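Asker: Each chain, letter by letter, is given below.
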Amino acid sequence: MDSPVSREEASRALREIDQSREAIRRAIRAHRGHFHLWLWGAIWIAMALAAHFYGQRATRSFPFFVLPGVIASTVIGIYQGRQIRAPFDKRFLAALACMLVFGLLWPVILGGPRPPSADIRLFAFIALLAMQVYVLAGIWFDSYLLTIGLVVSVLILIGLFVFPQIFWVWFAIFCGGPVVLSGFLVRFWWR
Amino acid sequence: MGALCGLAKTDQVDFGFLKKKLQLTDGNLGAHLTTLEESGYIKVEKTFVGKRPKTFLAVTRAGRRAFEAHVAALRDILGRA
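In the order they appear, the protein sequences are chains A and B. Following the numbering used here, the numbering of the first sequence begins with 1 at its first residue and continues without gaps. Following the numbering used here, the numbering of the second sequence begins with 1001 at its first residue and continues without gaps.
Calculated directly from the structure, the hints in this document are not laboratory data. Misleading hints may appear alongside valid ones.
These stretches of chain B come out as covered by chain A in the derived footprint (C-beta under 8 angstroms, 3 or more residues) [to be verified]:
1) 1028-1042
2) 1064-1078
Derived contacts from chain B toward chain A, CB cut-off under 10 angstroms, selection only [claimed, not checked]:
3) MET1001
4) LEU1004
5) VAL1049
6) PHE1056
Quantities reported herein were computed from a predicted structural model and do not represent experimental measurements. Glycine included, every Cβ here is placed at the ideal spot set by N, Cα and C.
Can you build the whole structure from these sequences, using the hints too?
Answerer: Okay, structure coming up:
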């Protein structure tokens, strides 16, 4: 049976499809994040060279590199998001925030002022790392994991910085204890 | 539809941006999009950016599949002796 569409019409239709596809592909390429890569690559180069040529004191100027970078990145993101955007994913943003907050804690825990001893710091770091996994799992799967992760993280930090002399006892009662209790709560009462 | 199928699966494109890139008028593009939306081939989301109304468009899975079938059919016509 003959097709109602002639070869010429099919050829023209395919040509038009290719043209429109190419037009949008060109436009999309302009939205694929290359501005951010150029910007942050240049900022890193500038920071590293400043530290190399001007020594340790140049590291104090790093916020003056990073802050304009953050502002420029935000402006680029807002501008591009008005044309082509990905759906807003709150969980992804929450996961990023979680990683950022815990990431900011690491230097304080591992390198902050004494007295907590190195073994206590290391133990707290590993326990908090586990709690970060709980928080991430809570964001993704079930809210009780999020609650446990956040509450126990705060309790670990209180034990580490407020009661370092009795850290182990504190950890046993106020960190291990709530985790065991949460197990009972989830097993017998959750939903 | 061909232009929209050039987007990544999760991307949404602004109506005004698409109109400019395809060099179409509001009425022309709007008519195409209404037909495609009624067929379930695209998803239209009306929103505000600041105080300005914006319309974002995304291709549905059915739309992508139908478009690929359409292109295959056109190629098939060309491929026949």
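Asker: Should the hint that VAL1049/B touches chain A count as held when the rule is a Cβ pair under 10 angstroms?
Answerer: VAL1049/B check passes; min Cβ-Cβ to chain A is 6 angstroms, inside 10 angstroms.
Asker: Double-check LEU1004/B for me: the hint is only fine if its C-beta lies closer than 10 angstroms to a C-beta in chain A.
Answerer: With a closest approach of 7 angstroms, the LEU1004/B hint holds.
Asker: Taking 8 angstroms as the Cβ threshold, is the statement that the region 1064-1078 of chain B is covered by chain A upheld or broken by the three-residue rule?
Answerer: holds (count 5)
Asker: Is the shortest C-beta separation between MET1001/B and chain A less than 10 angstroms?
Answerer: With a minimum Cβ separation of about 8 angstroms from chain A (threshold 10 angstroms), the hint on MET1001/B holds.
Asker: Does the CB of PHE1056/B sit less than 10 angstroms away from some CB of chain A?
Answerer: For PHE1056/B, the interface hint holds, since the closest Cβ of chain A sits about 7 angstroms away, which is under 10 angstroms.
Asker: Three residues or more, CB to CB closer than 8 angstroms: is that satisfied between the region 1028-1042 of chain B and chain A?
Answerer: violated (count 0)
Checked against the numbered hints above, the structure breaks only hint 1 and satisfies the rest.
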